[in-house]
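Peer 1: Those protein sequences? They're chains A and B, same order as listed. The first sequence lines up with residues 1 to 360 when you count with the working numbering. The second sequence lines up with residues 1 to 360 when you count with the working numbering.
Keep in mind that the hints were calculated from the coordinates and are not lab data. One thing to keep in mind: the hints can contain errors.
Any copy, or any two copies together, can satisfy a pair, since identical chains are not distinguished.
Said to hold, decoys possible - Mimicking BS3-like on lysine-lysine, the simulated pairs with C-alpha atoms at most 25 Å apart in a straight line are:
(1) K168 to K139
(2) K253 to K26
(3) K113 to K216
(4) K113 to K232
(5) K328 to K288
(6) K256 to K26
(7) K304 to K351
(8) K232 to K107
(9) K56 to K211
(10) K328 to K26
(11) K273 to K168
(12) K317 to K232
(13) K351 to K273
(14) K232 to K328
Protein chains: 2
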Amino acid sequence: MQPQTIWNFSAGPAMLPQEVLLQAQKELLIWNNMGVSVMEMSHRSPEFEALAEEAKQDLRDLLNLPDEFEILFTAGGAQAQFALIPMNLLQAEEVADYVITGNWSQKAANEAKRFAQINVAADTESLHFSSIPDVSTWKLNPAAKYLHYVSNETVHGVQFDVAPQVNKPLVVDMSSDFLSRPVNFSGIELIYAGAQKNIGPAGLTVILIRKDLLAKCTERVPAVFSYPTLEKESSLANTPPTFVWYLASLVFKWLKRQGGLQVMQERNQHKAKILYQTIDESNLYVNKVDPRYRSKMNVIFDLKKEDLLPQFLAEAKLAGLLGLKGHKVRGGVRASIYNAMPVEGVQALIKFMQEFEQNI
Amino acid sequence: MQPQTIWNFSAGPAMLPQEVLLQAQKELLIWNNMGVSVMEMSHRSPEFEALAEEAKQDLRDLLNLPDEFEILFTAGGAQAQFALIPMNLLQAEEVADYVITGNWSQKAANEAKRFAQINVAADTESLHFSSIPDVSTWKLNPAAKYLHYVSNETVHGVQFDVAPQVNKPLVVDMSSDFLSRPVNFSGIELIYAGAQKNIGPAGLTVILIRKDLLAKCTERVPAVFSYPTLEKESSLANTPPTFVWYLASLVFKWLKRQGGLQVMQERNQHKAKILYQTIDESNLYVNKVDPRYRSKMNVIFDLKKEDLLPQFLAEAKLAGLLGLKGHKVRGGVRASIYNAMPVEGVQALIKFMQEFEQNI
Chain A
1 MQPQTIWNFS
11 AGPAMLPQEV
21 LLQAQKELLI
31 WNNMGVSVME
41 MSHRSPEFEA
51 LAEEAKQDLR
61 DLLNLPDEFE
71 ILFTAGGAQA
81 QFALIPMNLL
91 QAEEVADYVI
101 TGNWSQKAAN
111 EAKRFAQINV
121 AADTESLHFS
131 SIPDVSTWKL
141 NPAAKYLHYV
151 SNETVHGVQF
161 DVAPQVNKPL
171 VVDMSSDFLS
181 RPVNFSGIEL
191 IYAGAQKNIG
201 PAGLTVILIR
211 KDLLAKCTER
221 VPAVFSYPTL
231 EKESSLANTP
241 PTFVWYLASL
251 VFKWLKRQGG
261 LQVMQERNQH
271 KAKILYQTID
281 ESNLYVNKVD
291 PRYRSKMNVI
301 FDLKKEDLLP
311 QFLAEAKLAG
321 LLGLKGHKVR
331 GGVRASIYNA
341 MPVEGVQALI
351 KFMQEFEQNI
Chain B
1 MQPQTIWNFS
11 AGPAMLPQEV
21 LLQAQKELLI
31 WNNMGVSVME
41 MSHRSPEFEA
51 LAEEAKQDLR
61 DLLNLPDEFE
71 ILFTAGGAQA
81 QFALIPMNLL
91 QAEEVADYVI
101 TGNWSQKAAN
111 EAKRFAQINV
121 AADTESLHFS
131 SIPDVSTWKL
141 NPAAKYLHYV
151 SNETVHGVQF
161 DVAPQVNKPL
171 VVDMSSDFLS
181 RPVNFSGIEL
191 IYAGAQKNIG
201 PAGLTVILIR
211 KDLLAKCTER
221 VPAVFSYPTL
231 EKESSLANTP
241 PTFVWYLASL
251 VFKWLKRQGG
261 LQVMQERNQH
271 KAKILYQTID
281 ESNLYVNKVD
291 PRYRSKMNVI
301 FDLKKEDLLP
311 QFLAEAKLAG
321 LLGLKGHKVR
331 GGVRASIYNA
341 MPVEGVQALI
351 KFMQEFEQNI
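Please construct the entire structure, taking both the sequences and the accompanying hints into account.
Peer 2: What follows is the structure, encoded as structure tokens:
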């Protein structure tokens, strides 16, 4: 028997706003009075170009993006950028600082090492990625062209509360908290985010890049992944993933209707707060991340009685709570509560957690 | 007023089978009894992994793919592969032969030159890409590791009738005629195809690669684009464009229901035949491509009275015939008649062309 309501806590591809899916469903065969689906349209048609431009403007509005920044859309996910960022921004002999605070920043640094010189300025693996050390302790390389960090670690549930204050241009992987809160662009050189958390379905990456950086990019990158080329051609040089872009455009409109990123931040803070409170007040669930750096997007926790984990996950699934299994490198439970997850979903999870604890 | 039926001759993103769009629409919010959309599912969920495997098997069945080949799915389009193929298969000092028969093979060679040594074995630009010279005249480099060609040129409407017989492993861009006819895999080392013609929406590329080639790939490629990594991780190492992959899986099922690639070839030959016949018998329309190499997928033609072209395109659009404007580098008219275009669409175009000619 199917439970009445399904709540999808998948880390990504993740839940999308119901309104967005309903609109996509309604106009799947006939978009914009064109008589064809948006996914059957040429990316060079005036209609698709208008959609692309409007999506960019909506994103610019949502972020209150300074004019110094350009928005690029590119195919694929953020992992590709782990290589393409150093390839675009560095020559092979040049150096960048990387801060390792979890699985994704570790992967980013390991991949970047294959294409440039990487200095690990800080690494919290020995702390089981449970906190972020003070910037004053980081070992920055004065020659480094940028400092890379991951603003939210989906696997380890660690999130920067504010951007680190270093005298170095920042390159930030915001894949999992992009659009979940306003961004202070001071010190930022480049932000990138895979779509499948807060933007839309998988297959698209958004890049925000300072325009003055475009002139300094290298030419050792495949043309379709070159930031100056993407900028010059308005991200339409080669065929982009048009349907994913279209869905992202609907998500941007939805975010505007919700009231923008300040409203989303308040909602996200509230959802995270009641969930962490449930964990902290229980005798069964535990989260060891330094409260200051607890993720508002991916709430991870363990069961003190570890052998109950399979039962917890199985019963949760039966109760309509999907995608709660932790990432394979971390284990435990992970509840991803991105923008599209309403507070009712978090409340349903809390209710289930409390009942599960009472019944064991 | 909207015409009753719309026929979409867009070169790509292109028309999709109506049955496929209807199924996608029906299950857009609730897929496979999961209570969520397929685009909200983790790519590592057993359900998505099963979809991915079944799609591969269906493709293997359709192509009658020899066991020596592996199927890879990767994000983005075929243009990315213009760089990623030489990066995967060649060291910078190694050489490959390229045959230039139109816009896309020219682009492929120009991009490959940035990453390896490229020998242009033949180039038909001086013939306005209107034919393909005999293989015996090609200037092959004995040291070349492979020979690259584009089996169908969408811009110039030129298509290889059979694979060239050279004593060299073949690397083939089949983006625009993949799945339109059976493939003879003799001599083939790698085939690649962007999705947005005959596979599904834009954002996905299919690669068929000989397994013995995987061990010889270089390590100078970003990890997510490395063929051995894609193979090892069943193309799920990083988050793939899951919704596009899902739609491709529906297209493969649709092709099976149609009777397979032999049936598609017969239909495609018939559609092309009646359209070229109309052109050849008219006093207004002209196609100068050597009949042996005329594309069955992209029928290009010009109006002998060139100044009538805007009127032709405008009236066609009013008659519900979309996407007929030729590519900007070629101009004229282009009717793309991929698998999803039924003969009725081609008949409607023919009727319009004949009436237009009578009425001027």
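Peer 1: Next step is simple, just say for each hint if it's right about the structure.
Peer 2: Taking the hints in turn, this is what the structure says about them:
1. K168 to K139: within (13 Å within a copy, 52 Å between copies)
2. K253 to K26: both (16 Å within a copy, 24 Å between copies)
3. K113 to K216: both (20 Å within a copy, 22 Å between copies)
4. K113 to K232: between (28 Å within a copy, 22 Å between copies)
5. K328 to K288: For K328 and K288, only the intra-copy Cα distance (18 Å) is at most 25 Å; the inter-copy one is 59 Å.
6. K256 to K26: Cα proximity of K256 and K26: one copy only (21 Å, versus 28 Å across).
7. K304 to K351: This pair counts as within: shortest intra-copy Cα distance 18 Å, inter-copy 74 Å.
8. K232 to K107: between (30 Å within a copy, 18 Å between copies)
9. K56 to K211: For K56 and K211, the Cα distance is within 25 Å only inside one copy (15 Å; across copies 42 Å).
10. K328 to K26: neither (37 Å within a copy, 33 Å between copies)
11. K273 to K168: Answer is neither; intra-copy 32 Å and inter-copy 63 Å both fail.
12. K317 to K232: So K317 and K232 fail the 25 Å test inside a copy (47 Å) and across (30 Å) alike.
13. K351 to K273: Only inside one copy: K351 and K273 sit 15 Å apart there, 66 Å across copies, limit 25 Å.
14. K232 to K328: Classified as between: cross-chain Cα gap 17 Å, same-chain 40 Å, threshold 25 Å.
Figure legend: structure checked against the earlier numbered hints; hints not met, in rising order: 10, 11 and 12.
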